[in-house]
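From just these sequences and the hints, can you work out the full model?
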Amino acid sequence: MDNSALWISLVVFFPTVIALLLAFVPKGSDDLIKLITLVATIVTFCGVVGVMMLPFDIEVAGLQNAFSLPWITSFDIDYFMAVDGISLPLLVLTGFVSIMAMIAAWSITKNVKAFCILFLVLETGMLGVFLALDFFLFYVFWEVMLLPMYFLIGVWGGPRKEYAAIKFFLYTLFGSVLMLIAILMLYFNSDLVALQQQGIDLTQFQIHENVLAEVQEAAAARDAGAEVAKVHTFNIPALAAMGQQTELFSTDTYLFGWSLQHWAFLLLFIGFAIKVPSVPVHTWLPDAHVEAPTPISMILAGVLLKMGGYGIIRICYPICPHAGYDFSWFVCTLGVVSMIYGALAALAQTDFKKMVAYSSVSHMGYVVLGLGVWSATAANIYDTQSWIMGVKGAMFQMIGHGVSSAGMFFMVGVVYERVHHRNLNQFGGLYGKMPVYTALAMIIFFAGLGLPGLCGFIGEVFVVLSVWKFSILLAVLSASVVVLTAGYILWAIQRVYLGAEYKGPHEEDLSPITPRELSVAIPLVIFAIYFGVYPTSVLKYMDATIDAQVQSLAKWTQERKQPEIEARRQAEMAEDTEVARSGSVKTKPVSFALSQMAKDQDVR
Amino acid sequence: MEGPTPVSALVHSATMVAAGVFLVARFYPVFCPEVLLVIAICGAITLFMAATIAITATDIKRVLAYSTVSQLGYMMLSLGLGGWLAGVMHLFTHAFFKSLLFMCSGSVIHAVHTNEMTEMGGLRKKMPWTSATMLIGCMAIAGAGFPFAIFGHHLGLSGYYSKDAIVEQAWLFRLTNPSWGNVFFLAAAGGAAITAFYMFRLWFMTFAGQPRNQERYDHAHESPPIMYRPLIVLSVFAIAAGWGPIQAMMGSILAAVILLAIKFWPKGESGHDSHGDHGRDHHGHDHHGHGNEHGHGHEHHGLPPINVALGLAALVFVVALVWRPTLSGVTLSSLLEQSRPAGTLPDQKAALLEMTWPNEHDSHAPAIKMTAGWIAFGTAVSGFTLAVLFYGLRKLDAGQAKAAFAPIHKFLVNKWWFDELYQMTFVQPAHWLAAVASWIDKNIFDRLLDGSASTVRRVAVVWENFADRQVVDGFVNGLASRMYATGAGLRSMQTGSLRQYVLFIVVGTLAVFVLGSFVWNYAFAG
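So the sequences go chain by chain: A and B. Using this note's numbering, the first residue of the first sequence is number 1, and each one after it goes up by one. Using this note's numbering, the first residue of the second sequence is number 1, and each one after it goes up by one.
Please keep in mind that the hints were generated in silico from the structure rather than gathered at the bench. Every value quoted in this text rests on a predicted model; they were computed, and no experiment measured them. The C-beta atom is built at its ideal place from N, Cα and C for all residues, glycine as well. Hints may be right or wrong, so weigh each one.
[What the hints assert, rightly or not] Residues from chain B shown here face chain A by an in silico Cβ test under 10 Å; the list is partial:
| no. | residue |
| --- | --- |
| 1 | D419 |
| 2 | L421 |
| 3 | I440 |
| 4 | F445 |
| 5 | A453 |
If you want it as structure tokens, here you go:
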């Protein structure tokens with residue numbers, strides 16, 4: 001256990017250590033600094049693969065490599081990290097995209113040292129978010145990641161960089177403040193004693209000895225009839241167990257008759273939806289992307305957006321299942337609206353990069369939709385198949401989009417560096433001048449389009465299939481988005497790459513793709529194809545974990561939520577019949593199977 | 001259609017066309033009769049609409065493209081009427097003659113460097129291989145064949161078998177369901193007439209008559225062997241794809257007769273069965289009309305090596321005769337019959353409609369086959385005749401007809417305004433919605449956001465002014481100035497006059513004692 005603590009910490013903080021060392025490298029040696037940073041990202045990636053991926057047992061559903069060290073002991077805040085099937089693919093993606101982005105960053109010439117230091121700190125933040133399992137630690141990493149991003153956009157960005165940077169910062173900060181409120185709400189209502197009284201072994205959550213002793217003491221006192229204060233915790237798996245096994249978060253009701261967990265879910269969801277980003281809190285993304293330098297756009301689209309999806313699947317649903325069940329329509333509708341809205345907005349753009357940015361809004365809508373498809377017990381048939389499909393589809397979409405969107409932003413960057421504009425209507429005929437680049441770019445754009453055989457397809461198709469059981473309307477709408485996607489991507493390809501030879505600004509600067517650019521483009525293309533042809537290579541890591549999580553939530557639905565809804569419906573029925581008996585209103589025979597879905601949503 | 005010709009050939013015969021029809025054919029057991037009716041209606045509309053567009057098109061490839069759409073309509077119509085085998089078989093035979101036709105059009109375009117048939121004409125003499133193979137393709141797609149049985153067997157080109165099967169099924173369907181059946185049969189039979197008309201219109205406009213553009217004609221030449229040999233291979237299939245061994249024997253006899261007729265024809269013209277007459281007429285005319293130097297050379301070494309062809313015909317005859325028992329099971333229709341989806345044959349009654357989908361095998365009953373066969377033949381011949389009158393013999397003036405039916409012509413040339421309709425119903429709304437989405441982003445979400453940001457800034461300024469400047473600073477400054485004022489007021493007492501000070505001290509001391517005396521009194525009294 002101490003071993004994994006050492007190794008994982010080494011991997012996470014290695015970039016920061018290098019960043020500190022970089023501070024002592026003299027300022028003039030830009031290439032050396034870039035090289036050191038690149039090597040650091042490569043070493044970090046190797047660390048992620050060597051420490052987390054290779055020893056990963058794909059048969060095991062639970063946390064692996066878990067360790068927990070006391071950090072702020074006064075409040076039982078731990079340095080608690082672990083890897084599981086949900087975080088592992090994202091960790092590997094983070095390492096990979098960081099290398100690609102760093103190679104793409106070679107064209108940065110302004111304040112290279114500062115750029116590299118911030119870049120490395122950012123990488124630590126990203127890895128930490130995916131690894132942290134203590135809510136407080138998670139929040140800290142979440143914020144750590146925010147600040148470097150602010151400077152990276154604000155200093156190295158385009159003409160409106162200040163506006164974009166502050167917009168990004170305030171948006172995300174707003175989300176994280178909501179998250180902080182939710183964290184406190186959950187913390188002060190958590191109770192390890194109640195969890196233990198459900199017969200759950202607390203040691204599986206890496207709870208420390210002294211806390212365990214405290215719990216024992218409190219439990220004994222409570223048995224004796226005394227009023228004892230709750231034992232609070234920031235432990236995310238323990239909070240999830242409390243959300244699913246106890247009624248700690250749902251007994252008290254607040255505004256609108258919603259319980260604590262409904263409010264917590266909403267606050268957390270807004271925070272994560274901003275990051276995803278989901279309509280209507282997405283407007284930071286086009287600006288941030290357009291202004292950010294290419295490598296930062298790659299990181300932003302490739303990794304940062306995934307944190308929203310990760311937060312939803314890791315925190316929102318397991319901890320607040322009642323709310324997740326009751327809000328599933330809201331979440332899914334939001335996903336579909338994002339998909340349609342993002343695709344339409346992408347269609348309207350004349351800025352190449354902005355179009356790609358809006359395509360991210362559209363594609364991340366699939367993630368929200370897939371995670372929200374709560375179809376464990378649709379129409380009284382207990383079958384988690386389609387739900388599992390949705391969650392895995394969403395996870396795969398995150399990985400696939402990580403590759404394809406990073407690739408798309410890079411491809412836009414390559415041409416922007418040459419012609420210094422991004423106006424789609426001034427392009428055309430790049431194929432003649434840059435054939436290799438065009439071929440690679442087309443593969444990447446087709447991957448973004450979701451062409452079968454490329455990485456974008458798998459996630460989209462699984463999500464759309466899974467929605468069918470949840471709602472036919474949403475399934476039809478989400479499937480038809482593919483037409484819009486094909487519309488804006490093919491139209492862009494036509495306007496940029498095909499047609500008569502390029503005769504726009506900086507025509508003479510259109511040189512063929514360089515080896516450095518190839519070293520970014522080719523790995524991305526390879527993975528876009530590999531993931532599309534052999535999706536099992538990603539799915540196998542998440543299978544056990546996602547199956548287990550969905551099964552446990554489905555079990556919860558069957559054992560806790562269904563009886564509750566049933567009881568409420570019985571009560572309503574009784575009321576109805578009473579009304580009918582006493583008055584002129586005729587009782588209508590209710591078709592349960594059909595009306596259940598709609599009714600379930602009306603319950604709250 | 002805009003693709004290079006080999007791609008068009010592939011797209012129109014195999015890949016894209018096959019996909020849709022193949023899907024319907026594979027999913028056939030899934031469709032209930034009501035769905036089949038919808039498929040049939042779509043098929044009938046497609047068949048008719050595309051055929052009418054093909055009539056007015058002047059781009060050679062556009063004619064072929066719309067003819068493909070029309071033939072697809074045939075296939076769908078057939079599938080929708082319960083003619084599974086007929087539809088799939090038409091898919092198959094169509095693949096051969098349509099790729100042949102496209103490749104032929106490619107050869108023509110290669111020669112004259114234009115797609116416009118209004119620039120062509122008379123190319124038969126320049127391009128004997130292309131014109132002959134294209135004629136075979138036209139006959140195949142029109143469904144040329146003998147409408148009567150010879151020794152109990154029917155003989156025709158590949159399209160004859162599949163198209164007649166479709167017409168037969170439509171006729172059978174009409175017998176069981178008169179109201180809808182009439183419409184479908186009309187579409188199938190009328191479509192056959194239109195098909196024959198536009199296909200021969202194409203052939204005559206391209207290969208017969210006088211060149212419409214002398215310059216292009218002069219530069220035209222037969223394509224190299226690498227281009228026309230595939231045409232020959234495809235024409236063999238376009239002729240014989242539907243044949244069994246008996247038909248092969250009959251076909252080889254017929255071919256031998258034709259070949260011999262050509263060989264011993266007095267003038268040695270490259271005429272072709274019955275159509276040879278018309279061709280010859282014009283040929284002769286052309287021949288005198290303009291220079292000999294082009295026409296002659298091509299004419300002679302353009303002649304097919306008749307002896308070789310005769311030998312091949314004999315070989316086919318012998319092979320078919322010897323292997324007749326073995327080969328009788330491998331005709332196209334019996335092969336396709338093997339893959340017929342389960343449950344598609346028996347009569348199906350629709351649940352929601354008063355209609356019955358007849359058993360496809362019943363359509364082969366002699367009574368139906370004969371009636372439908374003659375009707376199909378009659379319509380095709382009428383279409384062909386019309387084409388001959390307009391474009392072959394030019395007894396009728398196409399321009400006059402165009403003027404007489406100007407509104408219809410305009411409607412058809414504009415492809416029923418379908419592109420405009422789609423532009424209006426799909427493309428424009430999509431762009432419009434996209435603009436709205438992007439407008440909302442800029443003018444609502446962002447304005448809200450920027451607005452709230454600037455509001456916060458303004459509130460901060462106001463608050464800073466009010467709370468800090470007015471309240472807090474006001475209080476502190478006010479206090480200070482009050483102190484100052486008090487001090488300043490008291491300063492007036494500092495006169496520097498010793499007498500006044502002594503007076504103050506005396507008065508003060510007296511006051512202290514007077515005040516004190518009250519306290520002292522009570523204190524000591526107690």
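task = Could you check if L421 (chain B) really has its C-beta closer than 10 Å to a C-beta on chain A?
result = With a closest approach of 17 Å, the L421 (chain B) hint is violated.
inquiry  = Please check whether I440 (chain B) passes as an interface residue: C-beta within 10 Å of a C-beta belonging to chain A.
reply    = 8 Å, holds
message = Is the interface hint satisfied for F445 (chain B)? The criterion is a beta-carbon contact with chain A at less than 10 Å.
response = Result: holds, 5 Å to nearest chain A Cβ.
key: Restraint satisfaction for D419 (chain B) [CB to CB of chain A, less than 10 Å]   = Not OK, violated: D419 (chain B) not within 10 Å of chain A, min 16 Å.
query = Holds or violated: A453 (chain B) as interface residue toward chain A, Cβ cutoff 10 Å?
reply = 8 Å, holds
Hint check: violations occur at hints 1 and 2; the rest are consistent with the structure.
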